[in-house]
Amino acid sequence: MSAVLADMPETVAPATTKAIAPSKGGRPWTFYVLATLFSLYVIALYGPMFCIYILSFQDIRGGLVFPMKGHSLHWFVDLFTQVRTGDVKGSFDRSIKLAVIVTVITVVVSFLAGLGFRKRFRGDTVVFYMMIGSLVAPGLVLGLGTGLLFQALGLNASWYTSALGAQLSWTLPFGVLVMFAVMSRFNHVWEEAAYDLGASRWQSIRLVMIPVLAPGLVAVALFGFTLSYDEFARSLQTAGSLNTLPLEIWSMTLNVTSPSLYALGTVTTIVSFVVIGASLGSIVLIQKKRSSSAKG
Amino acid sequence: MKKDRGDIELAGVCKSFDGATYVVDGVNLKIADGAYCCFIGPSGCGKTTILRMIAGHEDPTAGEIVIGGQNVVGLAPVQRRTAMMFQSYALFPHLTVRENIAFALRVRGKSKADRLRAADAMIEKVRLTQFADRLPAQLSGGQQQRVALARAAITEPRVLLLDEPLSALDEQLRVQMRQELRRMQRELGITFIHVTHTQLEAIALADLVVVMEQGKIKQAGAARDVYAHPHDRYVAEFMGGQNVLSGRVEKVNGASFTLAQAAPDGIEVPLQARSTVSVGDKVDIAVRRDDVALVRPGKDLPPGCTTSLPSRVLAIEYQGYFVKVMLDTVPDDEFVAYVPEKTFFADPFTVGDVVMATWATGSALPLA
Numbered sequence: 044m045s046a047v048l049a050d051m052p053e054t055v056a057p058a059t060t061k062a063i064a065p066s067k068g069g070r071p072w073t074f075y076v077l078a079t080l081f082s083l084y085v086i087a088l089y090g091p092m093f094c095i096y097i098l099s100f101q102d103i104r105g106g107l108v109f110p111m112k113g114h115s116l117h118w119f120v121d122l123f124t125q126v127r128t129g130d131v132k133g134s135f136d137r138s139i140k141l142a143v144i145v146t147v148i149t150v151v152v153s154f155l156a157g158l159g160f161r162k163r164f165r166g167d168t169v170v171f172y173m174m175i176g177s178l179v180a181p182g183l184v185l186g187l188g189t190g191l192l193f194q195a196l197g198l199n200a201s202w203y204t205s206a207l208g209a210q211l212s213w214t215l216p217f218g219v220l221v222m223f224a225v226m227s228r229f230n231h232v233w234e235e236a237a238y239d240l241g242a243s244r245w246q247s248i249r250l251v252m253i254p255v256l257a258p259g260l261v262a263v264a265l266f267g268f269t270l271s272y273d274e275f276a277r278s279l280q281t282a283g284s285l286n287t288l289p290l291e292i293w294s295m296t297l298n299v300t301s302p303s304l305y306a307l308g309t310v311t312t313i314v315s316f317v318v319i320g321a322s323l324g325s326i327v328l329i330q331k332k333r334s335s336s337a338k339g
Numbered sequence: 037m038k039k040d041r042g043d044i045e046l047a048g049v050c051k052s053f054d055g056a057t058y059v060v061d062g063v064n065l066k067i068a069d070g071a072y073c074c075f076i077g078p079s080g081c082g083k084t085t086i087l088r089m090i091a092g093h094e095d096p097t098a099g100e101i102v103i104g105g106q107n108v109v110g111l112a113p114v115q116r117r118t119a120m121m122f123q124s125y126a127l128f129p130h131l132t133v134r135e136n137i138a139f140a141l142r143v144r145g146k147s148k149a150d151r152l153r154a155a156d157a158m159i160e161k162v163r164l165t166q167f168a169d170r171l172p173a174q175l176s177g178g179q180q181q182r183v184a185l186a187r188a189a190i191t192e193p194r195v196l197l198l199d200e201p202l203s204a205l206d207e208q209l210r211v212q213m214r215q216e217l218r219r220m221q222r223e224l225g226i227t228f229i230h231v232t233h234t235q236l237e238a239i240a241l242a243d244l245v246v247v248m249e250q251g252k253i254k255q256a257g258a259a260r261d262v263y264a265h266p267h268d269r270y271v272a273e274f275m276g277g278q279n280v281l282s283g284r285v286e287k288v289n290g291a292s293f294t295l296a297q298a299a300p301d302g303i304e305v306p307l308q309a310r311s312t313v314s315v316g317d318k319v320d321i322a323v324r325r326d327d328v329a330l331v332r333p334g335k336d337l338p339p340g341c342t343t344s345l346p347s348r349v350l351a352i353e354y355q356g357y358f359v360k361v362m363l364d365t366v367p368d369d370e371f372v373a374y375v376p377e378k379t380f381f382a383d384p385f386t387v388g389d390v391v392m393a394t395w396a397t398g399s400a401l402p403l404a
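Residue numbers (this note's numbering), protein chains in the order written: chain A, 44 to 339; chain B, 37 to 404.
What the hints contain is simulated information worked out from the structure, not anything from laboratory work.
One or more hints might be untrue.
Claimed, not checked - Straight-line alpha carbon distances no greater than 30 Å define the calculated DSS-like cross-link-like pairs of lysine-lysine that follow: (1) 332/A with 318/B; (2) 332/A with 148/B; (3) 318/B with 287/B; (4) 331/A with 335/B.
Only a predicted model underlies this, so the values are computations on that prediction, with no experimental measurement involved.
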């Protein structure tokens, strides 16, 4: 009989988490202090960017500082038509292509690394720390070294060879770290169950692991894309003769003195937000699809 | 209806993960085709490892595992025609009930129409039709268990392996699902091997109960054998329902011997299965808790009782149809009497009362 009692599931005491602030009466004075602090923080964070977005919408008389002179889309047109502003379109194309390549490689390699690190193996800590090491290494130095190495080997540095490699040294460790976090929530019993039911290794990856991990893989992809899209330090010495977008913007700050520069800032921000929105949207969509297919 | 035999034979099966300590240490066992077998033991006794070796998720370090006359060591679960139901069910979280159940057919390349038809038939069998399009997270524990059972059974395995299938459920549901498991086993007519740490579950379900300790089988037999005739102290204490006493043999008299104890004349124990006992041996005996009768001092003992041990009542627990009376009869061991409710309340004891604990002499069982 005692066995019955011993096996009863433990009754969990109801959670007694209450809001820290008392519910009755007004808010304490600390709330207003902290709210002010937070508002100042938000202004400091987004204020400078908003200045740039606002100033990019001036008309032809516009300058680089406030006050705002009229409003139009003149500088956006200028950005993509005037040659003197530099190769914005070309560098934008290259940056997007490079980011896509980096994303694909990051997702595939991070996923495989995640699979590899499920079990401990000889030298796993060494591999792990070597990977983390490239996160810690100063980007500029790493880029410089990559550039030198290419030169020494007699290879031409270009955005799709040396810059790709330099960027991967940055995105891969990030991707793998995110993948570890994602993998830690994957119950290995699912794989075992798939094996038990007769799935081959490949079927178990395709039918169980990838669908279950899909939201996490999107997150890794998002990391890869955004890290590559605005990478500067590692690309500086490795991009060769053709610039990526961050390099182009940097060179523009040195010689372009019109609100075109600000228009470019606005455009790149919009692109970033579209990418982030698409990623988050796809995660939501995956989850929606699951719960709606489940409603019946 | 089934063509393949699902009888299992384990011969000298050993398993060591680190090469030094053996989790499973030389297990020999025969399980008949279509039997319901329960492995029972405390956690870490190797019962789950045995299950996983039969399932093909672990390879034995030594020994043979024979299913239906064929040594299956090294074969994949599909080739063994076994199926496993995992402890936490391991349902695929992104697939609906129907898709989960159809999974095994999907990886075998059955057409969509075929596999959904088969899945729906199975869903009906486990009474989940109205939940077919739900995700596992939207089901209760009992429903999840039925999905897991259906998913494992759809491939028509010859052996179904269940790893603590009821441990995630609450008490009431557990009793209900227990019956459902037994019903499914009868319907499918295949061998079930069930790992549990709950004695009641094992004796309620199993044709064959296997009690394990530290990688070894302590006793294997029918539920009633193991419960009523435990081989040794470990099995007696683990299965419960027994009082275990130990003492030295004072004298041997033909078909019985006398054990020195707190009783004035010692305890008379029939030899039963135990063949040799000599004076001076230290012997454990078991007396079923429901065989113990309590008599007030000075009153006559019931017929057939020759031993009575003076005891003080330590605690009393009302259990419904019986009353659990805890006594200080023996110094180091627990001694408990299960007194029928009506008998107890005809002349109730209170804590601190002195009583005589007695039992029919024939019911004392010497242990190995």
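Right, here's what the structure says about each hint:
no.: 1; hint: 332/A with 318/B; verdict: 70 Å, violated
no.: 2; hint: 332/A with 148/B; verdict: 20 Å, holds
no.: 3; hint: 318/B with 287/B; verdict: 12 Å, holds
no.: 4; hint: 331/A with 335/B; verdict: 76 Å, violated
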